[in-house]
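Colleague: Chain D is already provided as a structure; the job is to place chain A on it using the hints.
2 protein chains.
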Amino acid sequence: MSTSEIEKPAKNDKSADSHERSVWVGFDLGGTKMLAAVYDAEFQLLGKKRKPTKGHEGSEAGIERVHGLIAKALEDADVSVDQIIGIGIGVPGPLDLVDGIVLDTPNLGWKDVPIRQQLEDKFGCPAVLMNDVDAGVYGETRFGAARGARCTVGLFPGTGIGGGCVIDGEIFRGSRLSCFEVGHMRVVPDGPRCGCGRRGCLEAVASRLSISAQAAAAAYRGQAPFLKKAEGTDLSEIRSAALAASIKGGDKVVEDIVRAAARHLGTAAGSLVNLLNPDVILLGGGLVEALPELYSEVVIGAAQKRAMACYRDTFEVKVASLGDYASVQGAAAWAQHTLEKTKG
Amino acid sequence: MSTSEIEKPAKNDKSADSHERSVWVGFDLGGTKMLAAVYDAEFQLLGKKRKPTKGHEGSEAGIERVHGLIAKALEDADVSVDQIIGIGIGVPGPLDLVDGIVLDTPNLGWKDVPIRQQLEDKFGCPAVLMNDVDAGVYGETRFGAARGARCTVGLFPGTGIGGGCVIDGEIFRGSRLSCFEVGHMRVVPDGPRCGCGRRGCLEAVASRLSISAQAAAAAYRGQAPFLKKAEGTDLSEIRSAALAASIKGGDKVVEDIVRAAARHLGTAAGSLVNLLNPDVILLGGGLVEALPELYSEVVIGAAQKRAMACYRDTFEVKVASLGDYASVQGAAAWAQHTLEKTKG
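Chains D and A are the protein sequences, given in the same order. Residue numbers in the first sequence follow our numbering, run continuously in steps of one, and reach 345 at the last position. Residue numbers in the second sequence follow our numbering, run continuously in steps of one, and reach 345 at the last position.
These aren't lab readings, by the way, just hints derived from the structure by calculation. Glycine included, C-beta positions come from ideal geometry on N, C-alpha and C. Keep in mind that the hints are not guaranteed to be accurate.
[Claimed, not checked] Among chain D residues calculated to face chain A with C-beta under 7 Å, some are:
1) Val82
2) Gln84
3) Thr268
4) Leu276
5) Leu277
[As the list claims (entries may be wrong)] As a list, the in silico DSS-like pairs of lysine-lysine whose alpha-carbon atoms are at most 25 Å apart:
6) D:Lys306 to A:Lys112
7) A:Lys123 to D:Lys342
8) A:Lys112 to A:Lys123
9) A:Lys344 to A:Lys306
Just chain D, same shape as in the assembly:
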């Protein structure tokens, strides 16, 4: 560190009254909760705020909640609106990335919301819309478990299966829309029905939801006594922590169900290794983070089996390390990356 850096005022000096633009805002708009965070130019966290999304109240009320939460996070960071350089926001797709529009989010029930423009009008600074999983994969590649990877392929099994790819510091994107819908690659012809209406999607055999459904059936049949006692057979209660506890509690059948799902995920990861030659396969989401060893072991095994010989030793499997902050920090940093590239 140079001596001149020591003379700078501390980054977190909340009494600083300079109103020059110096902070980035990251926002994660999830199906159940939303998180806003404020970062300094080195992406150190200055303040944050979280609340429920309440998507069912409609997009107009929702946008008000987004605006209000950003204001609260700014307050928490003790910075003013005119200090924001830019805002990055991650939203579940599909999105029109060219015009910054939320086309349709089944989880929120919103349609055709010009969210980028709305943020820019409200806060008087540029905003960048992106897919929430892209934000997470970008955040982990820049600050977390995949730091230093040249090409990261992220797979996040949850209610669905999110995916994203970061290559040479850029998020892979196709012609216009957000993409990398790994969950809707067909992996089993005439396989189980998926939420999207088709059959045999990866999501239908490897999402946390498909695992929970099979575990609930096992509990009902009396094959998962620990789970049945702890949570009953209501699918809504059988989430990541309950599944991890059931396995730790000795429910062998639940472990088999998770292993089979992880094998499907690993085989798909191996297909993606043949397709995209990433150096890191990044796994994330609640269940993976609750069972990191089991997931890593099964996914590595299945991916190595599927990968062609020449790709076999070219990739590592890593588990996401930033938790909920991957997406907000990723969105803020992507806003910086995008806006500085546009200027340059």
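Modeller: Coordinates of chain A only, in the frame set by chain D:
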């Protein structure tokens, strides 16, 4: 056109004795034949030469043949070695693109050949190594059927299934090796055995070779009388033209076999639409080019069925239009693109 351009000497003026560097060389090193071509700065063809590869003679003899063929193509174009700006060469993978090494080509039987350095030493100009299918997809995106596409995904069923992706003028590449091995994505768990040793690869159910094998069996069973009369049951004789003739001659079973393979290809194309959101799915290879309407129709149908609703009208299916020249012109133009970017 400005008047000053009219005063320039004609591009093809073979009597020009200027030795300034002004031409690009493209080379396609295939399993059975090799093609060298010389282009001017606008990628107009100045000269070309073709001969058999004879990969079995080993890589040393092979490199001599490559050098010799380039010399012949320069002669055909009436330009001298010191006029070459750069050379682009497309080779079947796997390749180490960072160091310009042919790691292993089953079709040629070559291993660890530093072909880029060998070309640079021989011709005293920079050379660029790339995958042959990447070269073809790049060529079609820059000069052919996919011209103007922002994101092209190319699928070329032949003995195997080649694939490539060009996005925003760049070839998609992973961390180090050539990739986009669409043929080795798993599409049928426990499906037919593939040449790579695994089961259920796309290549095992949708390559021209898998079609030929099934058609030969149909001929043997007497279900493809036209084919049997024309070619017998020797797989080596049942190539693209024979399959197209068999269908035109009324062999319904052969048409069904091709349609089923094309449906697998189309479903995989649809999965890739969900993954990568290309605006063009480019089909190529001998069989596709012999049966363009049948392939386009079946692939569009299956891809639309697999694509998620929001992607359904975002892509077109096109058939390659440059034939053998896609790869050589693509390799020459990619050399230009790469070398000019390095300079910039």
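Colleague: Take the C-alpha atoms of Lys123 (chain A) and Lys342 (chain D), compute the straight-line distance between them, and say whether it is at most 25 Å.
Modeller: Between Lys123 (chain A) and Lys342 (chain D) the Cα gap is close to 40 Å, so the pair fails against 25 Å, i.e. violated.
Colleague: Is the straight-line distance between the alpha-carbon of Lys344 (chain A) and that of Lys306 (chain A) 25 Å or less?
Modeller: Violated. Lys344 (chain A) to Lys306 (chain A) sits at ~45 Å, over the 25 Å cutoff.
Colleague: Once the shortest beta carbon distance from Leu277 (chain D) to chain A is found, is it less than 7 Å?
Modeller: The hint holds - Leu277 (chain D) has a Cβ within 7 Å of chain A, the shortest such distance being about 5 Å.
Colleague: Classify the hint on Leu276 (chain D) as holds or violated, based on whether any CB of chain A lies nearer than 7 Å to its CB.
Modeller: With a minimum Cβ separation of about 6 Å from chain A (threshold 7 Å), the hint on Leu276 (chain D) holds.
Colleague: Per the CB criterion, is Val82 (chain D) less than 7 Å away from chain A?
Modeller: violated, 34 Å
Colleague: The hint names Thr268 (chain D) as touching chain A; please verify it with the least Cβ-Cβ distance against 7 Å.
Modeller: holds, 6 Å
Colleague: Straight-line Cα separation of Lys306 (chain D) and Lys112 (chain A) no greater than 25 Å?
Modeller: The hint holds at about 23 Å.
Colleague: With a cut-off of 7 Å on the beta carbons, see whether Gln84 (chain D) makes it to chain A.
Modeller: violated, 34 Å
Colleague: Could you grab the alpha-carbon distance between Lys112 (chain A) and Lys123 (chain A) and see if it respects the 25 Å cut-off?
Modeller: Holds, at roughly 20 Å.
Hints 1, 2, 7, 9, counting from the list given before, are not met by this structure.
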